[in-house]
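Required output: the full structure, derived from the provided sequences and hints.
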Amino acid sequence: MRIHPLHEHHDVVKSKEQRAAWADLRTTRSNPPGAAAASPVRRSTYAAALQQAEELFEAGSSAGAASAPLSLFYGLSQAGRAIAAAAPVLTGPDWQLSGHGIKAQQLDGKLSDIRVFAVPKEPASSFVRLSTLLGSPVWTGTDAIGFAQVWNAVPGLAGHPIALAREARPPLLATPNSPLDGHPLVGAWISGIPALLADSGRTASDFRTFMSGYPTADGYTYVNDGDGYPDYQMDEGGTTVGVQMYWEAGERHPVPEQVRVARINQVVKPYSYGEFYLYPQLIAGQPPLHPLMAWWTVLYTLSMLARYHPAAWTAAIDVDKSAAATALEHVLTEAAATIPALVLQVLREVA
1381 MRIHPLHEHH
1391 DVVKSKEQRA
1401 AWADLRTTRS
1411 NPPGAAAASP
1421 VRRSTYAAAL
1431 QQAEELFEAG
1441 SSAGAASAPL
1451 SLFYGLSQAG
1461 RAIAAAAPVL
1471 TGPDWQLSGH
1481 GIKAQQLDGK
1491 LSDIRVFAVP
1501 KEPASSFVRL
1511 STLLGSPVWT
1521 GTDAIGFAQV
1531 WNAVPGLAGH
1541 PIALAREARP
1551 PLLATPNSPL
1561 DGHPLVGAWI
1571 SGIPALLADS
1581 GRTASDFRTF
1591 MSGYPTADGY
1601 TYVNDGDGYP
1611 DYQMDEGGTT
1621 VGVQMYWEAG
1631 ERHPVPEQVR
1641 VARINQVVKP
1651 YSYGEFYLYP
1661 QLIAGQPPLH
1671 PLMAWWTVLY
1681 TLSMLARYHP
1691 AAWTAAIDVD
1701 KSAAATALEH
1711 VLTEAAATIP
1721 ALVLQVLREV
1731 A
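Residue numbers (our numbering): 1381 to 1731.
Any given hint might turn out to be false.
Said to hold, decoys possible - List time: in silico BS3-like cross-link candidates among lysine-lysine, alpha-carbon distance up to 30 angstroms: (1) K1701 <-> K1483; (2) K1483 <-> K1501; (3) K1701 <-> K1490.
What the hints assert, rightly or not - The calculated label-pair distances, taken between Cβ atoms and stated as ranges, are: (4) G1599 <-> Q1666: 14 to 24 angstroms; (5) R1588 <-> G1539: 18 to 28 angstroms; (6) A1692 <-> H1563: 53 to 63 angstroms; (7) E1631 <-> P1420: 43 to 53 angstroms; (8) E1628 <-> D1698: 45 to 55 angstroms; (9) E1435 <-> D1488: 27 to 37 angstroms; (10) E1729 <-> E1435: 22 to 32 angstroms; (11) R1632 <-> E1435: 50 to 60 angstroms; (12) E1637 <-> G1599: 14 to 24 angstroms; (13) A1417 <-> G1618: 47 to 57 angstroms; (14) G1521 <-> S1442: 30 to 40 angstroms; (15) S1424 <-> Y1653: 27 to 37 angstroms; (16) T1589 <-> G1521: 46 to 56 angstroms.
Hints listed in this document are in silico derivations from the structure and should not be mistaken for laboratory results. Remember, predicted model here, so these are calculated numbers, not experimental data. Backbone N, C-alpha and C define an ideal beta-carbon position, used for all residues, glycine too.
Following this line, the structure appears as structure tokens:
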């Protein structure tokens, strides 16, 4: 079996958007955002960590799939150090990260058997501190969740599943749009909903049950077809549907722009390259994973598998024998393409 480099196997060449994201990140190093500008130590850490992140991502993009997870995960880990250095809310020594703060179990079994959890007793660790900073959940081994569930919660990965995750809900692409005339509402076109919900025999109750897995969407109304059913429209490709949805943003119309933006930002969250998503809840009673921390979980798990179980990892990426191989190739190329812009978005968010 030949293991192709990622860029050869998928004709992966840095897109204009990727190059722009790294260029924007490099530009911040001479004029760091947030707290990274106020302290020489934080400033130097910020610049050095971003330099290492870029070099590691470059190495991961050009490496074969056998070793790419190692470079990509540690590239993300170094980017996390830059994010912490830039965050003004992390005062004193709290911006300095130590340890991983995340664990993966059952790495010696099937990909679908792997379960992941955080280590809250390590508050200075990268995963725990950044999760807390970004309002992302930190869950223990008691609530360990399936790796396949986290995988499916990352935009761009649900269409390439490594295993069928029971009751998995994908991220839903959200396109914020103009408020409804005469009403104090904000709206967004929500697409990526499984088309089976629009099948005959399905009810509005089925839609509400499905949407209950997206807690930030609570309080929604939707455009109906006149009979109370969601007015589904088929997405391009024909496997998913979309619905126009609205949320109350105040008591009077028109809604002030600042209030409108604040309300829609409570519902949908930014991703890379200007996209917005509704994210599914993975842990009962907890908010959805921030997309950066969902990526962190995926790459950490793959890096631990490649590092400590190299034979199993090599078998998993063997396209001649492994049904998961093409999905694993996809996640590596998607990480290299998407995460730089996501890091840039998070830096703006925290700084």
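Hints versus structure:
no.: 1; hint: K1701 <-> K1483; verdict: 28 angstroms, holds
no.: 2; hint: K1483 <-> K1501; verdict: 12 angstroms, holds
no.: 3; hint: K1701 <-> K1490; verdict: 14 angstroms, holds
no.: 4; hint: G1599 <-> Q1666: 14 to 24 angstroms; verdict: 19 angstroms, holds
no.: 5; hint: R1588 <-> G1539: 18 to 28 angstroms; verdict: 25 angstroms, holds
no.: 6; hint: A1692 <-> H1563: 53 to 63 angstroms; verdict: 55 angstroms, holds
no.: 7; hint: E1631 <-> P1420: 43 to 53 angstroms; verdict: 49 angstroms, holds
no.: 8; hint: E1628 <-> D1698: 45 to 55 angstroms; verdict: 52 angstroms, holds
no.: 9; hint: E1435 <-> D1488: 27 to 37 angstroms; verdict: 31 angstroms, holds
no.: 10; hint: E1729 <-> E1435: 22 to 32 angstroms; verdict: 24 angstroms, holds
no.: 11; hint: R1632 <-> E1435: 50 to 60 angstroms; verdict: 53 angstroms, holds
no.: 12; hint: E1637 <-> G1599: 14 to 24 angstroms; verdict: 20 angstroms, holds
no.: 13; hint: A1417 <-> G1618: 47 to 57 angstroms; verdict: 49 angstroms, holds
no.: 14; hint: G1521 <-> S1442: 30 to 40 angstroms; verdict: 36 angstroms, holds
no.: 15; hint: S1424 <-> Y1653: 27 to 37 angstroms; verdict: 30 angstroms, holds
no.: 16; hint: T1589 <-> G1521: 46 to 56 angstroms; verdict: 29 angstroms, violated
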